[in-house]
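In order, the protein sequences belong to chains A and B.
Start counting the first sequence at 86; every next residue gets the next number (the working numbering).
Start counting the second sequence at 115; every next residue gets the next number (the working numbering).
Don't take each hint at face value.
Claimed, not checked - Stretch by stretch, here's where chain A covers chain B in the computed footprint (C-beta under 8 Å, at least three residues): (1) 176-190; (2) 209-219.
Unchecked claim - Below, in silico cross-link-like pairs of lysine-lysine (DSS-like), each with a Cα-Cα straight-line distance of 27 Å or less: (3) A:104 x B:360; (4) A:104 x A:89; (5) A:89 x B:220; (6) A:104 x B:203; (7) A:104 x B:220.
Just so you know, the hints here were simulated from the structure itself, not pulled from any lab data.
The C-beta atom is built at its ideal place from N, Cα and C for all residues, glycine as well.
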Amino acid sequence: MRVKRVAAVARFEFLAVVKRWSYLIATFGLPIFLAVVSGTVLGVQTYFLTQRAEESSAFGLVDGPGVVDASRFEPRDGEKVWTSEASDVVLYDDEEDAIGALESGRLRALYVIADDYLQSGQIRAIQSEKTPLLSMRGTKVEPLLRSLLRKSLLEGRLDEDVQERVIAPAVFVRARLGPDGVEVSEVDEALDLLVRTTIPLFLGVLLLTALLSASGYLVQTVATDKESKIVEVLLSSVTPEEILAGKLFGLGAAGLVQFAAWTSMVIFVALSASAALTAVIAVPWSALALSPILFVLGYVFLGSLMLATAALGANAAESQKLTMGWAMLAILPLMVLVVLLEDPNGLLGQVMTWIPFTSPLTVIIRLAVEPSGTAWWEVAGAIVVLILSTWLAIRVGARLFRVGFLLTGSRPSLAELWRQAK
Amino acid sequence: MGILEYHAVGKQFGGRTALRDVSLEVQVGEVFGLLGPNGAGKTTLIRIGLDILRADEGAVMLFGAAPNQGALDRTAYLPEERGVYRRAKVRDLLVYLGKLKGFGRKPAAEAADGWLDRVGLSQVADQRVESLSKGMTQKVQIAACLMTDPELCVLDEPFSGLDPVNVGLVTGLIEERRARGRTTVLSTHMMHQVEALCDRVALVHRGVLVEYGQLDEIRRRYSPNEVIVWTRTDLLALGVTATRHKAGGWRVELPARETAAGYLDALVRNGVQIERYEPLVARMDDIFVRLVGGGR
Numbered sequence: 086m087r088v089k090r091v092a093a094v095a096r097f098e099f100l101a102v103v104k105r106w107s108y109l110i111a112t113f114g115l116p117i118f119l120a121v122v123s124g125t126v127l128g129v130q131t132y133f134l135t136q137r138a139e140e141s142s143a144f145g146l147v148d149g150p151g152v153v154d155a156s157r158f159e160p161r162d163g164e165k166v167w168t169s170e171a172s173d174v175v176l177y178d179d180e181e182d183a184i185g186a187l188e189s190g191r192l193r194a195l196y197v198i199a200d201d202y203l204q205s206g207q208i209r210a211i212q213s214e215k216t217p218l219l220s221m222r223g224t225k226v227e228p229l230l231r232s233l234l235r236k237s238l239l240e241g242r243l244d245e246d247v248q249e250r251v252i253a254p255a256v257f258v259r260a261r262l263g264p265d266g267v268e269v270s271e272v273d274e275a276l277d278l279l280v281r282t283t284i285p286l287f288l289g290v291l292l293l294t295a296l297l298s299a300s301g302y303l304v305q306t307v308a309t310d311k312e313s314k315i316v317e318v319l320l321s322s323v324t325p326e327e328i329l330a331g332k333l334f335g336l337g338a339a340g341l342v343q344f345a346a347w348t349s350m351v352i353f354v355a356l357s358a359s360a361a362l363t364a365v366i367a368v369p370w371s372a373l374a375l376s377p378i379l380f381v382l383g384y385v386f387l388g389s390l391m392l393a394t395a396a397l398g399a400n401a402a403e404s405q406k407l408t409m410g411w412a413m414l415a416i417l418p419l420m421v422l423v424v425l426l427e428d429p430n431g432l433l434g435q436v437m438t439w440i441p442f443t444s445p446l447t448v449i450i451r452l453a454v455e456p457s458g459t460a461w462w463e464v465a466g467a468i469v470v471l472i473l474s475t476w477l478a479i480r481v482g483a484r485l486f487r488v489g490f491l492l493t494g495s496r497p498s499l500a501e502l503w504r505q506a507k
Numbered sequence: 115m116g117i118l119e120y121h122a123v124g125k126q127f128g129g130r131t132a133l134r135d136v137s138l139e140v141q142v143g144e145v146f147g148l149l150g151p152n153g154a155g156k157t158t159l160i161r162i163g164l165d166i167l168r169a170d171e172g173a174v175m176l177f178g179a180a181p182n183q184g185a186l187d188r189t190a191y192l193p194e195e196r197g198v199y200r201r202a203k204v205r206d207l208l209v210y211l212g213k214l215k216g217f218g219r220k221p222a223a224e225a226a227d228g229w230l231d232r233v234g235l236s237q238v239a240d241q242r243v244e245s246l247s248k249g250m251t252q253k254v255q256i257a258a259c260l261m262t263d264p265e266l267c268v269l270d271e272p273f274s275g276l277d278p279v280n281v282g283l284v285t286g287l288i289e290e291r292r293a294r295g296r297t298t299v300l301s302t303h304m305m306h307q308v309e310a311l312c313d314r315v316a317l318v319h320r321g322v323l324v325e326y327g328q329l330d331e332i333r334r335r336y337s338p339n340e341v342i343v344w345t346r347t348d349l350l351a352l353g354v355t356a357t358r359h360k361a362g363g364w365r366v367e368l369p370a371r372e373t374a375a376g377y378l379d380a381l382v383r384n385g386v387q388i389e390r391y392e393p394l395v396a397r398m399d400d401i402f403v404r405l406v407g408g409g410r
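Let the hints inform the model, and build the full structure from the sequences given.
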């Protein structure tokens, strides 16, 4: 194989792809687009939160049956006010006065305890016309009122500490068993789940997208060569193996640039998150560090098979169909993602680590979700298996590629393929 | 020794025989015509010669050895099914194809510019191929083929899609190659171009070589023993068996053992004032139809 010819094919293919608008948009536009969308969403949220903060935070309470412990309300400017967690609750004796305060905008909402509260438990929540529908759902006033009512109802009937436990029976402290014993961290369950799954999922999807994107370019370029009838011109100058290698390198480089651009975004987000939330977020650095290696190996392995198979198709549509099987195998880890996230080091994860089609994505997900549970020899073994499989794929792929690339119009029989692949 | 030799070459596709026992050689410095009807096996023969396909039987020698990459670097091929990267810019495409033949970037760029100038396409060097007309694209492909000044160039239907001016241009390029000792294999259905350009020809029909040799010798062999005589003398009055020819002269069928030169001598000796005298030579069109037309 002549290196200069391979380099010439690689350079041409690389430039042909990276100069396309679709590539530039996908590679650099997508992260910018996501940043703009995220920024806009955050900006809009911040704006509305600011607006809400500027709205009145006072609520009215009319206690007809007298169930609330009025001693908790303090006199302020001629009103009886109970302040808790940045919300003021004003106690009114007269419902009409309270309605007037609601109409004037002094109150954000008014709560009227029903006369038969002890039997029905009903409290009417009245909002003004200006108050957005359902806006109370986002405030803490209703949980505070519940707490106030519980305390008032229990007052004098139970000991103070028992009252507290009736009101708040359990405070869960989250902890996770780490490699060096019990590590206690006050991680919110939702945040914990988010941290543990989002970054691996994101990284895995990026790896897979970049792999399939680069492989897609390969299929496209082979189909273009065959459809444009330039195959014979190429083959009168270079060998099929040189074309295959050139296309693999050129389009792989384009895919790597794309993956690097996307991964840079992940690293940027990870670094920002790491700086802001050092205590709760464990950035999967090992997965991030290994991802370029796994991308290259996974791409060359998958790309060789895709090129060889695509060459057997008579046109782009047929080539796409023929290569779909390889893509499905590569997607397999995403199909069983729930199992992998739940139990990354279980039997399924371990088995898929050793299968070259699934190993790049599986290793990334396992390392990202639970780095400590993945043995170094598993990662090394997966890489060795991937290298061996890639070597085999290139050898067989180059031969099939030659058969497929040369035979325009008629597809070779399975017997012919087998004869060539031996 | 031929620059390209086929020895008893056979090739089958599935159960169909594409070539059977074909032996011929292309000699250095000649323009060799590879002729035959559509589907005769010409393209398969070319592909085997350039190592794009492998023969099932027989052997091929390119530059005195089995086809190899070194030998292929000394050849160029313009296939009948034209192929270009339509989205590539004209100069970039030529530079790329030059590099595939082993040129460095700079020599490839210089050759590309030089050849675009020669075929009159300098002004479209930075345009995409897809923006060119069919004839212009054809000239780009011819430039791509000739830009490395290959010792052997195989041109499959190089004149299709070209106007008469550009046919003249390409004809000139082929003649210029011959003058410099470069070899050209020309596959075409335009028989008048074959007559104008080729030194030797091979005619393939249904995968079998049915005619092969010097063009003049083949034409002579298939020619009737007739001459056309332009004279004011009434040949019929002299007792000559003659008919009026469409070109204005007398068409005379010579006796079996008589030669054109001998008959001319006899006419002059009999006092016939000859204005123009021309032995009738078979046209390649007629030979082609005669050899392949019967079975079609």
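Hint check results:
1. A stretch counts as covered by a chain when three or more of its residues have a beta carbon under 8 Å from one of that chain; for the segment 176-190 of chain B and chain A the count is 5, and the coverage holds.
2. For the segment 209-219 of chain B, the stated coverage by chain A holds: 6 residues have a C-beta nearer than 8 Å to a C-beta of that chain, and at least 3 were required.
3. Restraint check for residue 104 (chain A) and residue 360 (chain B): the C-alpha separation of about 62 Å exceeds 27 Å, so the hint is violated.
4. Of the supplied pair hints, the one linking residue 104 (chain A) and residue 89 (chain A) holds, its CA atoms being roughly 22 Å apart against a limit of 27 Å.
5. A C-alpha spacing of about 14 Å is found between residue 89 (chain A) and residue 220 (chain B), which places the hinted pair at or below 27 Å, so the restraint holds.
6. Pair hint residue 104 (chain A) plus residue 203 (chain B) holds up; C-alpha atoms about 12 Å apart against a cutoff of 27 Å.
7. Pair hint residue 104 (chain A) plus residue 220 (chain B) holds up; C-alpha atoms about 22 Å apart against a cutoff of 27 Å.
Of the numbered hints stated above, the single one contradicted by the structure is hint 3.
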